[in-house]
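Since the structure of chain U is already known, use the hints to place chain E on it.
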Amino acid sequence: VSSSSSSSLNAEKVDGFPRRSMRRARQRRSHSSSQFRYQSSQVELTPLPLLKDAPVAELHDLFCKKLQQCCVLFDFLDCVADLKGKEIKRAALNELVESVATSRGVLIEPLYPEAIKMISVNIFRTLPPSENPDFDPEEDEPTLEASWPHLQLVYEFFLRFLESPDFQPSMAKRYVDQKFVLQLLELFDSEDPREREYLKTILHRVYGKLLGLRAYIRKQINNIFLRFIYETEHFNGVAELLEILGSIINGFALPLKSEHKQFLVRVLIPLHTAKSLSIFHAQLAYCVVQFMEKDATVTEYIIRGLLKYWPKTCTQKEVMFLGEIEEILDVIEPSQFIRVQEPLFKQIAACISSPHFQVAERALYFWNNEYILSLIEENCQVILPLVFGTLYRVSKEHWNQTIVSLIYNVLKTFMEMNSKLFDDLTASYKVEKQKELKRERERAELWRSLEEQQERRLQSLGEASRNQKNLQEREKNSKNEPENSAANAT
Amino acid sequence: SAGSCHSVSSSGMAGADGDDSLYPIAVLIDELRNEDVQLRLNSIKKLSTIALALGVERTRTELLPFLTDTIYDEDEVLLALAEQLGNFTMLVGGPEYVHCLLPPLESLATVEETVVRDKAVESLRKISHEHSPVDLEVHFEPLVKRLASGDWFTSRTSACGLFSVCYPRVSSTVKAEIRQHFRNLCSDDTPMVRRAAASKLGEFAKVLELEYVKSDIISLFTALASDEQDSVRLLAVEACVSIATLLPQEDLETLVMPTLRQAAEDKSWRVRYMVADKFSELQKAVGPEITKNDLVPAFQNLLKDCEAEVRAAAANKVKEFCENLPEDSRETIIMTHILPCVKELVSDTNQHVKSALASVIMGLSTILGKDNTIEHLLPLFLAQLKDECPEVRLNIISNLDCVNEVIGIRQLSQSLLPAIVELAEDAKWRVRLAIIEYMPLLAGQLGVEFFDEKLNSLCMAWLVDHVYAIREAATCNLTKLVEKFGAEWAQNTIVPKVLGMANDPNYLHRMTTLFCINALSEACGQEITTKHMLPVVLKMSNDQVANVRFNVAKSLQKIGPVLDSNCLQTEVKPVLEKLAADQDIDVKYFAQEAISVLALA
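As they're listed, the protein sequences go chains U and E.
Going by the numbering used here, the first sequence wraps up at 490, each residue one higher than the last.
Going by the numbering used here, the second sequence wraps up at 1091, each residue one higher than the last.
It is possible that part of the hints are untrue.
What the hints assert, rightly or not - To be clear about the criterion: a stretch of chain U counts as covered by chain E if any three or more of its residues have a C-beta under 8 Å from a C-beta of chain E, and this derived list gives those stretches:
#1 99-105
#2 117-131
#3 225-236
Unchecked claim - Keeping only pairs whose Cα atoms sit at most 20 Å apart, straight-line, the calculated SDA-like set for lysine to any residue is:
#4 E:Lys536 x U:Lys275
#5 U:Lys219 x E:Thr680
#6 U:Lys275 x E:Glu603
What the hints assert, rightly or not - Taking beta-carbon pairs under 7 Å as the criterion, some of the chain U residues facing chain E (in silico):
#7 Gln453
#8 Arg457
#9 Gln459
Hint data in this document are derived by calculation from the structure and do not stem from the laboratory.
All C-beta atoms in this analysis are idealised placements derived from N, C-alpha and C, irrespective of residue type, glycine included.
If we strip away everything but chain U, and leave its shape as in the complex, we get:
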């Protein structure tokens, strides 16, 4: 092992470039599947009579046989293996989909366990390792599921099954249980977007129809998100799960339960820290705004949370945060606005002075939003002093002309809002600057003397311990001496 790691290290060291080209050059299987793994003996399929030709008395029996036939799995990595069997299963699945979607009275109780078994056998599997360990959903092509020709039909069947007017939640809940749902949720990590799309609709239906599972589903989604945020930073289905949650939040009863508030504060807000935020930001912002519209008192948690996790180095994320803040401000209640305006506008001022013009520009666009502008105007006495210094300074030194002209517009707006305050701030700008410099000097002085003092103390401590050591040594020596001399004497 050591030799392998050292040799790969050597190879790495040669030119200092990460070996991205090697990664890119990796031969790619375009498809992957973990489905066909643990089936040792392959069963030969024989076509059954068509469902539509079956006499009524035999319909259920035949339906059941078709379900059992569809439990056989095929190797899709070998695209020419057992073509006949694959075709028989495909036809059977199509028939099942068709039948459950169109004819009434097919779904009788004994079929439930068979149907759920067929679905489980087909869809539940450990997802294969990602082809590309640094898979970037924005740049790289996802790995598609090779067994999709069958898998899609199974998902389609499941969906039709749930949506059928004959569907009885009371019967289904015996088979679609917590364990089933947990496995379903794990599939959301699939790299194949087509699969996640089906899963999203299906989970939504399950949530809608099986009331007993709702709390459990929410809890498990929480766990998935927390794991994503704090442990792995990797899960492909965050956007889809958030989309479902968006509509779940919409249906929350008022007043909000503490479980739901906790979900907002401890899960949704921290989700903003994810590196891959861009992939699910739209859905996340939607959920956040949904919460606010439900209950305005959560506004302060949200804004303060976003400020806590404000991106420090990633300007692309900063732009997203600003976008979300604008969405929030669009629906904020004036009374809530007052509670957060101070920290919020300090951050907005910091964004305006960002050397990245897109960040500065996005922040300055707030002044084009009429509702936000009205909030600013109402609280001009508080907000203007918070942002004035930044606006004044950046208007003089920003490299980008668009930003400079946007700032002039903002300054002009403020002047019109409250010319008295504006003039006062302009007049005191230099004095404030001076004060700031003075404070800085005082800080430096404080730390300098603190460190000097520390130095002195450490020195005196060192001396003290040296003295003590000397003393001990001397004591030891004086003790040893007589013994030594005694030993010598004998």
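Below, chain E alone, put in the same frame as chain U:
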């Protein structure tokens, strides 16, 4: 907290520590509260300075309560704080008062951010050792219990890391409680907590009495190893190593093996991967008999796993696994069970699997001996040397020395030389580079004659490679060869060729002459340098390319110490003076530098 802070500041001036206590705590606390995160962070990082300024008593009574109360901050600040507090014992007055640090660390151990929490746990573990046994029971253990029964998963996760540090030093009643808490966390509702508990299972087992390892740990291990989430199951594999080491051999079969067998065949590849990754440790922990009966077939299966990730992890362990097999049956097992799988992996469809194998396969030759290596392994090495993937080839080349020890360089070179010559001209420069790095080794063992006949021309060809890194490595290689074969050999074989390049139309090749001279002058000695090399260098000072001219100046600086002072004054000095007046600014710069270094001014 602002109010309390003011009251503190008014009374705080009267320093308990005499003259040194110049600062009211309010001023210092203002620093810890600065609006600018960066400044706040800086202040926290110098928390020890502040504590020292306050003295131990006020650190305990004023600073720590303030820190405990204001623990809502940016994670970066909290991380710094968690780290600082782990080294704070002396600043609060020594081990006697170390428990004062527990409240702020307890809060830090419950925050959401993993790095902060982990750091707080690390600091808690550190200061736990500074508690007296009494303080440990009075202060520390109750904290662990509070964390273990916290509402939110974060505090329970943190608790998992603290059991093992306090268990050995508490009374048996408290020990029983700790075991109970650990059991609870292993079956926690939240997978995050179960993962934390599973990852500490081995560590906790190590501090438990053997009877409790058998009664408690085994049942927890079995349960975690069959958890519904594979992320929990795979952590149990790690614990398996520690647990198996703790148990007497006769208990392994009944207590550990059923679970281990199940893990090796888990339906999730992540768990199988973990088994493969920990295979050598597992092998050592379960001993030779179980290895023969159980692990050999399990290892074969992992080498044939359907997931490439698992095969690669297992391939990485081939050498270690074989090395650690019981000596009496080692060769038979390898030849009949392992080698057939290895042969298949040589032509695996996945390059990572092949490359993992290539990095260890050479090690098998030491274990199997000369005859087996020649008959069974050499064909595999040769196949891998011709693999389409450069990383596979590279890994083979990088490990040639282990085979060399077994079958001798002659045998090796006869079979491998054609492949090496081919790789010396490989289109990938990294591969060429790896080959160059092996030249001194090959040369040393092949002897001058063989080298001159087969490899010398390759070494010279690399000097004019179109990739700079190769030319540079080739230059360095020449130095090593001269060190091996001596100055006379250099003068006869390589110096003429190197000097010949000084007339090459390509200025890059002319520069290579200079670089070679830089590298060789010392090894070749004064005579060759003065007689043969110096004239060429001096002549090149008239080159029309400025880069060549300033490299002349650099070369003169480099070889100057080898020359005698007369030669320096009469031959080198005039040329450097001429270059110092060159029209090109860089030539001037390096000429002047050489003049001053050689003290010719």
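Now the hints, each set against the structure:
1. 99-105: That given contact is violated, which follows from only 0 residues of the region 99-105 of chain U lying within Cβ reach (below 8 Å) of chain E.
2. 117-131: holds (count 3)
3. 225-236: The restraint on the region 225-236 of chain U holds, since 4 of its residues have a Cβ under 8 Å from chain E and three suffice.
4. E:Lys536 x U:Lys275: violated, 30 Å
5. U:Lys219 x E:Thr680: holds, 9 Å
6. U:Lys275 x E:Glu603: Cα-Cα ~15 Å, so holds.
7. Gln453: OK, holds: glutamine 453 (chain U) within 7 Å of chain E, min 6 Å.
8. Arg457: holds, 6 Å
9. Gln459: Violated: closest Cβ of chain E sits about 12 Å from glutamine 459 (chain U), beyond 7 Å.
The structure is inconsistent with the numbered hints 1, 4 and 9, although it conforms to all the rest.
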